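Chains as they are written, first to last, in numbering that gives the first Met the number 0: chain A, 0 to 452; chain U, 0 to 452.
Source of the hints: derived by calculation from the structure; they are not laboratory data. Values in this document were obtained by computation on a predicted structure and should not be read as measured data. Glycine included, each C-beta is placed from N, C-alpha and C at the ideal position. There may be inaccurate statements among the hints.
[Stated by the list, open to error] Output of the computed footprint for chain A on chain U, the stretches with three or more beta carbons under 8 Å from beta carbons of chain A:
#1 4–15
#2 27–36
#3 160–169
#4 172–183
#5 197–204
#6 213–224
Protein chains: 2
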Amino acid sequence: MFKMHTSLLLDLYELTMAQSYFVYKRNAFATFDLFVRELPDKRAYLIACGLEDILNYIKNLKFNRQDLEYLRKQKIFSGDFLHYLSHFRFRGNIWAMPEGTIFFANEPIIRVTAPIIEAQVIESFLLNTINLQTMIASKASRVVCAVKDKGVYDFSLRRTHGSDAAIKVSRASYMVGFKGTSNVLAGKLYKIPVIGTMAHSYVMSFKHELDSFLAYSNTFPEHTTLLVDTYDTPKGIENAIQIGLYLKAIKHRLQGIRLDSGDIVKLSKLARRLLDRAGLNYVKIFASGNLDEFRIRDLLKKRALVDNFGVGTHMGTSIDAPALDVIYKISEITDENGNFLPTMKLSKGKVTYPGRKQVFRIQDKRGRCVKDILGLEKEKIRGRPLLVKVVKRGRIIYKLPSLEKIRYLVKNNLSRFPQELKDTYPKYKYPVFISPKLKNLRRSLSYQLEKRQ
Amino acid sequence: MFKMHTSLLLDLYELTMAQSYFVYKRNAFATFDLFVRELPDKRAYLIACGLEDILNYIKNLKFNRQDLEYLRKQKIFSGDFLHYLSHFRFRGNIWAMPEGTIFFANEPIIRVTAPIIEAQVIESFLLNTINLQTMIASKASRVVCAVKDKGVYDFSLRRTHGSDAAIKVSRASYMVGFKGTSNVLAGKLYKIPVIGTMAHSYVMSFKHELDSFLAYSNTFPEHTTLLVDTYDTPKGIENAIQIGLYLKAIKHRLQGIRLDSGDIVKLSKLARRLLDRAGLNYVKIFASGNLDEFRIRDLLKKRALVDNFGVGTHMGTSIDAPALDVIYKISEITDENGNFLPTMKLSKGKVTYPGRKQVFRIQDKRGRCVKDILGLEKEKIRGRPLLVKVVKRGRIIYKLPSLEKIRYLVKNNLSRFPQELKDTYPKYKYPVFISPKLKNLRRSLSYQLEKRQ
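Build out the structure end to end from the sequences listed, making use of the hints.
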């Protein structure tokens, strides 16, 4: 129903390099790490998200006749290589952090060990997927931390970058603690609760605001949240109260009112006072309109009396950091005899860590996270390894948890980190150490590579 | 092949309002304007993009059995209304600016006149589509203006927001003058030239840089661009020259070298000097690595000797303005007798223009654009009307131009505006006037609405 044939969603150079590997390195295996080089400003942690889509992609990855026909027409690929592509499947191993894992800069989120062509062909899709979903999960988690015990809903559909982002944003934000989404398709695909209020155009389509309120509440006597700022907000609140009393009289409850503009602190206090005075203390106050973690923190500091927030554009585009510095780097490759040799990049300011690595999370007796150690896979480090095997020789061996389960995990994971990490303006940096063995390897290899070139 | 069933890609309130309209305003017609309230910082113009997807959406918009089943389970919709939805089709009229039109704040890009339910149901998809594609086309156009007579290619796939954005970014950037994309699927779907060089991992998979260069050029003797910054750039340039001379000796031409890090100004001058000295003056210099219009302008001001630029993340996410202030507002609605009455929003700082409007572009004798006038559709204003009828009673009556044609149009359109508009740091504001009749209507209606509420 919502399927795309995305096998050609890759950068051309993945395929040209593949053809060259096909000739020169037919049997080489390599390991690649996918990681974020630096966290964006104001982000003290990131939340891994996107693995579900990646495993589905791996499962379905093949080039169909149309794809091959298109490639043939480019006149750069050999018949031999296109024949190889017609049988192409991913047959390597993948280790990954489960969705919902908290992680930090330089920690591999995904590690691929495979024939080098296969490891390379999947690069662009992996980066694209992790970039979007991890970026959004991380931004949305900041919003969840800022709202504290209040509720927050995803309203971003109209400003996300296209339809794929639209549904992924709903999923990622729900995963980290949003209570639901306005996006019906995402609700359907991912079983996320969907909610909605009304638009200004609805109010404006009636002669009087009160007529519009009445019509809507008669249609949904148990599910009405009235938008009160189309003309004059205090007057709108009064009209909503009339409706609230009317519904009460016929044994229904007005669900809420929504403030979408103006001074939310002042207006929410006014609304609460008037609603309570009218005996409508159960009516919730909903706030929306260009909100994000910064504004929500401000509103709550000023004691805005808001029960639920609707957050759209800022979260749905990660507006202050709309891309992660996520990269995919080779860390080892086999020599003529099939032995893995570590490798690394020396480009200015872009040096990487060589070898097959693992991330070890060290927790104290009470389960609180104390530090991470980035080390070599085979090192004996006391700590929970964060990368788990998800694909074995091309076969998915990981059982995808339900979204509800991941949602629970995120909450649990986050609770083990200090509060300072979750501040809207974080001053804390979680310690990630490099193991002595990895440090040594990097130093000696860097020397060796410089000499060799 | 690349199809999604996107009919449920809407905000829940579109459907709840629809159910209420279904009961209370069964026969009402309304007009909605889709426009950008304010241009983002540093944008002096925007380029309309997204109409092709919108018309395809309109054509295919219907709710299938699965959709209806999902909605039924939400327990808020009546059987009558769901039955109505099962026959739902868009049957209204749509006027739109053709893709590639230059436009400004407050000018409607799309105008919908339809039964109010239909006009409302399409809101979220229209906003999502225009937001992404117009934002990217506009950002990419700034990059095209900055590169002047040099070439520029889309390298953004790994950082665009998901797979839909990935292909739309390639299309939008090609539309406004990019020379091609690295995204193979976009190349296939939209017939955009695809290009690629090589990755650092390719170089690193060989023992020596020179081995990797040799292997690649033997695979693609006519299509090789060597990435020279994996270890030490000056040494990489020397290695590339060796390959260039080798290819020359066997009657082939090295296409280019790519610089992806370091001081591009210095390195490009060094590379050009060394290449020319070796008799390889035809070898192009390609630069990439976090480039955008600002950095490219700087590089060219400092006389970097770059022939082609690869631009990724910054353009593909419109990083400095990853959302447009694009909105969809009701401007008129029929009364009981079927007569259209203008309406408008009075919310603080969010006041809109009422009535059925048109944008008139005034050009001088030499075809240069002088000003725009936002007026009422029926006003007699001498100027080219920018909104054209694209959908008539639900039927697409607009012949979509080819992407190549739109690409030509954009170039032509832009050439009619003053250079100041296209500066990287624009100080110029193109004049958009409101017609006296529209001003009067807005004033009198605003007074009337305030009194009425």
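Index of numbered hints that the structure contradicts, given in increasing order: none
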